[in-house]
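Using the sequences and the accompanying hints, generate a full structural model.
Each chain is listed here by its residues.
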Amino acid sequence: MAATNPELKVVGQQKPDLVLTQHHHMCPGCGEPLALRACLEPIQELGLAQRAIAVAGIGCYTSFSMTTDLDLVQALHGRAPSVATGVKRMRPDTIVYTLQGDGDMVNEGLQEVLHTAARGENVTCVLLNNGVFGETGGHMTATSVLGQRTKNTLAGRDAAYHGFPILIGDLIAGLEGAVYVARGSVHNAGAVARTKKMFRRAFECQMRNEGFTFVEVLTMCPTGWFIPTIEGPKYMHDTLGEVHIMGELKADGVIRTTEELHAENVQKAVEIEQALARGGIEG
Amino acid sequence: MKLMEGSEAIAEASIAAGCRFFAGYPMTPFTELLEHFARRLPEEGGVCVNAESELEAAGMAWGALATGARAATGSTGQGLSLMQESFSEITLAELPLVVFNMARGQQDYFQSTRGGGHGDYRHIVLAPMDIREAVELTQLAFHLADKWRNPVLVYGDYLLAHIQEAVDVAPIAFDGPLPTKEWAVDGSLGGTGRSRIVSPLGFDKAGRPSPGIEAHLRRITAKLRDIEAAEVRVEQGFCDDAETVVVAFGPPGKFVRYVVAHLREEGEKVGYVRPITLWPFPYETVAQAAEGAARVGVFELCAGQMIDDVRLGVLGRAPVSGIGGISTDGSGFGVGPLLDTEIVRERILALHHGEPLPPLPDNDRSF
Chain U
0 MAATNPELKV VGQQKPDLVL TQHHHMCPGC GEPLALRACL EPIQELGLAQ
50 RAIAVAGIGC YTSFSMTTDL DLVQALHGRA PSVATGVKRM RPDTIVYTLQ
100 GDGDMVNEGL QEVLHTAARG ENVTCVLLNN GVFGETGGHM TATSVLGQRT
150 KNTLAGRDAA YHGFPILIGD LIAGLEGAVY VARGSVHNAG AVARTKKMFR
200 RAFECQMRNE GFTFVEVLTM CPTGWFIPTI EGPKYMHDTL GEVHIMGELK
250 ADGVIRTTEE LHAENVQKAV EIEQALARGG IEG
Chain C
0 MKLMEGSEAI AEASIAAGCR FFAGYPMTPF TELLEHFARR LPEEGGVCVN
50 AESELEAAGM AWGALATGAR AATGSTGQGL SLMQESFSEI TLAELPLVVF
100 NMARGQQDYF QSTRGGGHGD YRHIVLAPMD IREAVELTQL AFHLADKWRN
150 PVLVYGDYLL AHIQEAVDVA PIAFDGPLPT KEWAVDGSLG GTGRSRIVSP
200 LGFDKAGRPS PGIEAHLRRI TAKLRDIEAA EVRVEQGFCD DAETVVVAFG
250 PPGKFVRYVV AHLREEGEKV GYVRPITLWP FPYETVAQAA EGAARVGVFE
300 LCAGQMIDDV RLGVLGRAPV SGIGGISTDG SGFGVGPLLD TEIVRERILA
350 LHHGEPLPPL PDNDRSF
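Quick note, the sequences are listed as chains U and C, same order. Position 184 of the first sequence, counting from 1, maps to 183 under numbering that gives the first Met the number 0, and the rest follow consecutively. Position 126 of the second sequence, counting from 1, maps to 125 under numbering that gives the first Met the number 0, and the rest follow consecutively.
Possibly wrong hints are sitting among the right ones.
To be verified - Ranges between beta-carbon positions, derived for each pair:
{"no.": "1", "chain 1": "U", "residue 1": "Phe163", "chain 2": "C", "residue 2": "Glu227", "range": "50 to 56 Å"}
{"no.": "2", "chain 1": "U", "residue 1": "Glu203", "chain 2": "C", "residue 2": "Thr191", "range": "21 to 27 Å"}
{"no.": "3", "chain 1": "U", "residue 1": "Phe163", "chain 2": "C", "residue 2": "Thr220", "range": "41 to 47 Å"}
{"no.": "4", "chain 1": "U", "residue 1": "Lys233", "chain 2": "C", "residue 2": "Pro210", "range": "39 to 45 Å"}
{"no.": "5", "chain 1": "U", "residue 1": "Tyr160", "chain 2": "C", "residue 2": "Pro210", "range": "43 to 49 Å"}
{"no.": "6", "chain 1": "C", "residue 1": "Ala260", "chain 2": "U", "residue 2": "Ala117", "range": "53 to 59 Å"}
{"no.": "7", "chain 1": "U", "residue 1": "Ala117", "chain 2": "C", "residue 2": "Arg38", "range": "21 to 27 Å"}
{"no.": "8", "chain 1": "U", "residue 1": "His138", "chain 2": "C", "residue 2": "Asp119", "range": "25 to 31 Å"}
{"no.": "9", "chain 1": "C", "residue 1": "Ser330", "chain 2": "U", "residue 2": "Glu175", "range": "35 to 41 Å"}
These are computed hints drawn from the structure, not numbers from a lab. Keep in mind that this is a model prediction, so the values were computed, not measured. Glycine residues also receive a C-beta, built at the ideal position from the N, C-alpha and C atoms.
In structure tokens:
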């Protein structure tokens, strides 16, 4: 259906900056295109488009390798942080970031991202975390939350049988080489805006050669979660979002635990509700 | 000329060839090569990363190569086993990787020439017999890698890594202009619609003609046929009228060459073939050498791997038998008692005279 208001664009007709085509290969309700945009917009806004090199892992988001209008190196499953290391060491004036899923980074390539962080490698590793192997059709990853139904945890992830999820951001925050670690989300507009700021801060740290930076983004995968598309954001908020807590885990030399972030988020939500009850949010 | 250990000479030859990036993980007998790169590359404005694993070393070299730099990695065969996934895909990404295998014996012939990884790929494999030749072949490796956009492996061993020779490491100018690296990424093309992608997957950026994976794989395998036609390197001696031909590569090839030359002086009709490229293998030279021969022997320090290629070359013209075998020092890393000119001589003569092979010598060390 055509838009009647010429200021509005019909979905699928607008091409974001640094993307070569308005088409993408993702399922309906996928959060990864939103996360990509939250990553690319700060690159454009900071004037980094012509000094940025992306290194992509293997997952659904690999199709972005062909559609992102940035110089890019396609890496293997799990290996992007090492490839990014080689790129950055030979091109220290560029901004280098990886794009990896939770299966790629936290399962297959856990040691790569940890070593790269510990080395203080001046790159940004980006994790698109949906708690599931989306590309293979919905299988358990190392970040799947307890109780999560996947194709190989049909009765839900059981700690006694399948083990516990890894909170990768928390692990990385504890490493001295990591200077900025944040976990964002794309389940609503506010979260997208907050995530975009996280990318901006990470790239700014890299521009100042401060060390390793890490941005995790919780993304919806209704296909891999076996839920109706429209329920994706709520499911994400209520399941993954309750375990992998959104916020800045390390910034300006201060490490904040999952518990502290959770308490802050709850407090913020209460403040917003109270403000709304008073008739609006100021500032 | 300077007296140098092989590891140092190979690192210096790499630097002379323009190598500015190395990543590796220590393992005997490769460790000294990593040490020399770690010491020398920073002095030359390059980088040597002490990778936390072989997998990561291969990935780091991949990234450095994607920027257009000359880059290398290496290990022993054991470490290279861990890198094989990347080796397969670096070949499909057409990146000019140079790999050094400071092998434990010659047990990695299959790994080097058939690949321990997946897919239809080959690496050009250069097998120097001594340090002087290693200095040349190391530089050739970087040249061929760029020429063909295909990885090149230099097959060394404990001897090559650790003995010393007086060598001159000067840059070698090889024939022919190399293709420019217009595919390399420098980050400068974002947002222009002309951004680049370095990928093993056979897809270009959206909106550009893209071969797709099938055509991509076919093109790469067609390139391999061109390499086979162009890059065979081999040395042979006394094969014209030889009744017995012995095939051997690397430092054992130098031992065989020495023994055969002495046997010739004594009037024995023996000859030798020393493959310098293990892939592409010198099948034609082996076939010609076998043409008038009564028998062909293969001397290799393993249970018998190159013998498969020798048989493919000989193709029934003469019986082929292995006259080498497994021989290591007590650690399993170094050279065993089989690599001794007297013992090599006994085994070649036994073959030549149609007598049973003497038993393999045992090393006298055990835990």
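For each hint, the structure was consulted:
1. U:Phe163 to C:Glu227: 50 to 56 Å: 52 Å, holds
2. U:Glu203 to C:Thr191: 21 to 27 Å: Since the Cβ atoms of Glu203 of chain U and Thr191 of chain C sit about 24 Å apart, the hinted range of 21 to 27 Å holds.
3. U:Phe163 to C:Thr220: 41 to 47 Å: 46 Å, holds
4. U:Lys233 to C:Pro210: 39 to 45 Å: With a Cβ separation near 43 Å, Lys233 of chain U and Pro210 of chain C satisfy 39 to 45 Å, so the hint holds.
5. U:Tyr160 to C:Pro210: 43 to 49 Å: 45 Å, holds
6. C:Ala260 to U:Ala117: 53 to 59 Å: Given about 55 Å between the Cβ atoms, the range holds.
7. U:Ala117 to C:Arg38: 21 to 27 Å: Roughly 23 Å apart at Cβ, these two residues keep to the hinted range, so it holds.
8. U:His138 to C:Asp119: 25 to 31 Å: 29 Å Cβ-Cβ, so the 25 to 31 Å window holds.
9. C:Ser330 to U:Glu175: 35 to 41 Å: With a Cβ separation near 37 Å, Ser330 of chain C and Glu175 of chain U satisfy 35 to 41 Å, so the hint holds.
When the structure is compared with the earlier hints, no violation turns up for any of them.
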